[in-house]
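Engineer: If you read the protein sequences in the order shown, they are chains A and B.
For the record, in the first sequence the residue sitting at position 274 is 266 according to our numbering, with numbers rising by one throughout.
For any residue, its number in our numbering is found by taking its place in the second sequence, counting from 1, and adding 44.
In short, the hints are calculated from the structure, not lab data.
Just so you know, not all the hints are guaranteed correct.
Derived contacts from chain A toward chain B, CB cut-off under 7 Å, selection only [said to hold, decoys possible]:
#1 15
#2 24
#3 27
#4 44
#5 45
#6 341
#7 343
The calculated DSS-like cross-link candidates involving lysine-lysine, where the alpha carbons are at most 30 Å apart (straight line), are [unchecked claim]:
#8 B/650 with B/138
#9 B/159 with B/138
#10 A/150 with A/17
#11 A/136 with A/220
#12 B/274 with B/235
#13 B/203 with B/159
#14 B/495 with A/17
#15 A/328 with B/235
#16 B/650 with A/328
#17 B/164 with A/328
#18 A/328 with A/17
#19 A/328 with A/14
#20 B/495 with A/14
Here a beta-carbon is modelled for each residue, glycine too, at the ideal position from N, C-alpha and C.
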Amino acid sequence: MTDIGNGLLQLVPRAEARQSMKDFKSDQEVRWCPGCGDYAILAAVQGFMPELGLARENIVFVSGIGCSSRFPYYMNTYGMHSIHGRAPAIATGLATSRRDLSVWVVTGDGDALSIGGNHLIHALRRNVNLKILLFNNRIYGLTKGQYSPTSEVGKVTKSTPMGSLDAPFNPVSLAIGAEASFVARTIDSDRKHLTEVLRAAAEHPGTALVEIYQNCNIFNDGAFDALKDRQQAEETVIRLEHGQPIRFGAGLGKAVVRDPATGDLAVVTDTDENESRVLVHDAHAASPATAFALSRLADPDTLHRTPIGVFRSVERPVYDTLMADQLDVAHELLGKGDLGALLAGNDTWTVAG
Amino acid sequence: MTTEHEVRRPDRVIIRFAGDSGDGMQLTGDRFMAQTASFGNDLSTLPNFPAEIRAPAGTLPGVSSFQLHFADHDILTPGDAPNVLVAMNPAALKANIGDLPRGAEIIVNTDEFTKRALQKVGYDASPLEDGSLDGYRVHPVPLTTLTIEALKGFGLARKEAERSKNMFALGLLSWMYHRPTEGTETFLRRKFAKKPQIAAANIAAFRAGWNFGETTEDFAVSYEVAPAAKAFPTGTYRNISGNLALAYGLISASRQADLPLFLGSYPITPASDILHELSRHKNFGVRTFQAEDEIAGIGAALGAAFGGSLAVTTTSGPGVALKSETVGLAVSLELPLLVVDIQRGGPSTGLPTKTEQADLLQAMYGRNGEAPVPIVAPKTPADCFDAALEAARIALTYRTPVMLLSDGYLANGSEPWRIPDLEELPDLRVQFASGPNHTLDDGTEVFWPYKRDPRTLARPWAVPGTPGLEHRIGGIEKQDGTGNISYDPANHDFMVRTRQARIDGIEVPDLEVDDPHGAAILVLGWGSTYGPITAAVRRLRGAGDAIAQAHLRHLNPFPRNLGEVLARYDKVVVPEMNLGQLATLIRAKYLVDAHSYNQVNGMPFKAEQLATALKEAIDD
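Chain A with its partners taken away, still in its complex shape (with noise of 0.2 Å):
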């Protein structure tokens, strides 16, 4: 069972019993398609949370439209299949209204990126104590097949026969230019990666944003194949670390260092000239500026060089802790509300019978 080293967390009830995967499937039919990627991360969260050990009925899901917006049904927690890329918002009136829940929200390009990126970048400017799940298909699949805001210029599809002319969002660039404390990119069927991430945003007392490579086998398939391909990944897929130096590629035969002349970061051979140059990633840094840079590393097209992993993760104040907080001192300067007081006033008259 985790370490629960989170304040946050430690409002939620614990879990009488132990729990097991059973006990987080819903007894609703999954109605993905065969072969969706969204089977999968069904599976490592439901297989994730008895290790968080939260008592079920504190623990809520909440959606907006779109595939991966299906989600809450087949979780056997608390609920709310929203509206279309309005998840943040209503997740932060219940997160701010109610401290003693963990609060999930499933998303996906098109819900956060698209109809609800205000949304989005709002809650995670403020911080709200939120996991939002952003399934990232590069692709519309519920209404199949349109561009999304991640797909890659260019692209092909029922809307845009002559390729879609917009440039994508770089989900992990997006959340820290939010301000997000924490950002973290996993893949589908990457169980453990998955699991391993969810477990570090679960903890993380905030907003985290974790962003996961999800193929739509019907209108997008393959689209994340080059990290997932055993060899192609060797050299596609860099997995960050904190406290350890970025190294990729066969061997880890590649490393990413900083180029001195200009800032940015840069790809080199590893070799045992380069070796005191090459970064060590440091999630937990005050700035985001190299966190931003390592989101800038993948190609958009090839997906080469795409780091996965805790871009960021820093500790800065809660919203629904602050407003809490606020609550409190307004109790205590001027204690507990009295209503008649309240609707007396000032400056009353009487008038006799």
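We have chain A; now place chain B onto it with these hints.
Structural biologist: Here is chain B on its own, set in the frame of chain A:
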């Protein structure tokens, strides 16, 4: 030298303070109102100001005014035509002179009647000199000069000293109408507690204005309006505006329901004052969340409702448009939620600071699908308190979003309010679901989130944190009972009809009809037109006409007896500050040939004008 003054005793007076947006007319009016309230008159106010914070100085669009009607008896409106106009500049005179009856008194600040200022608003010659005001009793007062003179010893720059001229005017009017002055002095001391010099200057200007009235011979007459002792039932009173009453109603509902209050809101005129007020009362457990947009405001409120709060979102018409999809979700989730719409002139941005009643059909129908929502409307500023409690009752009892339709006139207008005893407030407590509510064929006890109370058709409110009741709800159609996703045609038809039946079945009091003379004609209103309609009806009855009056608080569902009431009358007239929205609903539902009387100019009806229109309807 003290002049012997004549004192007259009218039963009511209407005063309008008018000046530049920066002249402090709202504050002046507000203070005069507070003095009048504490004196015990009945009163009604109409603040009227531009949407621009500081429109160009001295121009017509920049004129801001505050009208106050006070009397020794109960009154219902801010009054049609002022007896007194205080005009701080030529623009204020020009913008308001049209509303003044001949013989009215005009106090003008002559210092501002410069050639340039006159030209700015299109006066070729000074109206103070060209005879155009001969029909009025004009008091030319160099307010600016007198104020600067009075503040000589304070070491203030001329500009700074000038700013107190509104307090000079207030002092003068306070003398003219025998208003108590202690309240204003205390107020000024408190307001400028950190700037004692400014406080002292304002008080000095205020006193100088008073003394000016007392000593100058130009003001030969002063007026005393006796307290309205008989107009009010026994009790302790205060003055209250609609938005303040609404905020207090929400806090009271939270206490009566024993649920924490959560407000999700985005600033918008004329609703923002409710957000401001509620944010001051965190010691009542009130959480206020200023969202990133209107949609997030209601979204957060809905999330809090899911968690067991008394959830509210406040806005105006444009905000309701943005919130519509979430209101639809709340209809589908069947969670309690208050949507407060302080209506303003529309469409689009419209007239942000002016009043209108044109969101009724938006509240009624402005959603996709069959999405019925109860609608409650307050009729006076103080009534916003009761309307908030009533909206909360319906939301909590029937697990539904409720629209509360106030408007700009009620929001900013004010009147005396009898402070209720807390014991009088309704019990709004609810029971959260705590255990299984259904037994399966095999004997298993389960929780069904959409199993309904047979009387109210409300579903159980099962809040997260309750063991064993874990369930999922959403905007997709759900199976009756289980709440599981269902695309079954017959189930959808059943759920649509059941959601409608739940709203149709809401218990609301019967409509009361005021008809002392067995009239053939009924005037039916809703919302803030209550004051002007009632005043018009009084005039007509005073002149010997028979007319019945009824006023709707509940617009959805309508009172059970409404159809029967409408059928009793030969003619039904519906005055509205829109193009006939209630009339449309009435005609559709009851097949009654209701006649509309409409005004959509951003201002409340005038009683005189309504009386004339109703008289025509009677004689027709």
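Engineer: For every hint, state whether the structure bears it out.
Structural biologist: Structure-based check of each hint:
Evaluation of the residue 15 of chain A hint against chain B yields a violated restraint, the C-beta minimum of about 10 Å exceeding 7 Å. Annotation: interface hint on residue 24 of chain A violated; nearest CB of chain B at approximately 13 Å, more than 7 Å. Restraint check, residue 27 of chain A versus chain B: the minimum CB separation of about 22 Å is more than 7 Å; hint violated. The beta carbon of residue 44 of chain A is not positioned within 7 Å of any beta carbon in chain B (closest approach about 15 Å), and the interface hint is therefore violated.
Interface restraint check for residue 45 of chain A: the shortest CB-CB distance to chain B comes to about 15 Å, outside 7 Å, so the restraint is violated. This hint holds: residue 341 of chain A has a C-beta 5 Å from the nearest C-beta of chain B, less than the 7 Å allowed. Below 7 Å, beta-carbon pairs count as interface contacts, and residue 343 of chain A has one with chain B at about 4 Å; its hint therefore holds. For the proposed pair residue 650 of chain B and residue 138 of chain B, the alpha carbon gap of about 20 Å is at most 30 Å, so the pair holds.
Between residue 159 of chain B and residue 138 of chain B, the direct Cα distance comes to roughly 15 Å. Compliance with the 30 Å bound is thereby established for this hinted pair. A distance of roughly 35 Å separates the Cα atoms of residue 150 of chain A and residue 17 of chain A; the hinted pair therefore is violated under the 30 Å criterion. Between the alpha carbons of residue 136 of chain A and residue 220 of chain A the distance comes to roughly 24 Å, so the proposed pair stays at or under 30 Å and holds. Of the pairs offered as hints, the one joining residue 274 of chain B and residue 235 of chain B is violated, with about 34 Å between alpha carbons and a cut-off of 30 Å exceeded.
For a cut-off of 30 Å, the pair hint linking residue 203 of chain B to residue 159 of chain B stands: about 20 Å separates their Cα positions. With a C-alpha separation of about 23 Å, the suggested pairing of residue 495 of chain B with residue 17 of chain A holds against the 30 Å cut-off. Using a Cα cut-off of 30 Å, the hinted pair residue 328 of chain A and residue 235 of chain B holds, with the two alpha carbons roughly 26 Å apart. For the suggested pair residue 650 of chain B and residue 328 of chain A, the alpha carbons sit about 44 Å apart, so the restraint of at most 30 Å is broken.
For the hint pairing residue 164 of chain B with residue 328 of chain A, the CA-to-CA distance comes to about 55 Å; that exceeds 30 Å, so the pair is violated. At roughly 43 Å between alpha-carbon atoms, residue 328 of chain A and residue 17 of chain A are farther apart than 30 Å, so this suggested pair is violated. For the hint pairing residue 328 of chain A with residue 14 of chain A, the CA-to-CA distance comes to about 45 Å; that exceeds 30 Å, so the pair is violated. Taking the CA atoms of residue 495 of chain B and residue 14 of chain A, the gap is near 26 Å; set against the 30 Å cutoff, the hint holds.
In terms of the numbered hints stated before, the structure departs from hints 1, 2, 3, 4, 5, 10, 12, 16, 17, 18 and 19, listed from lowest to highest.
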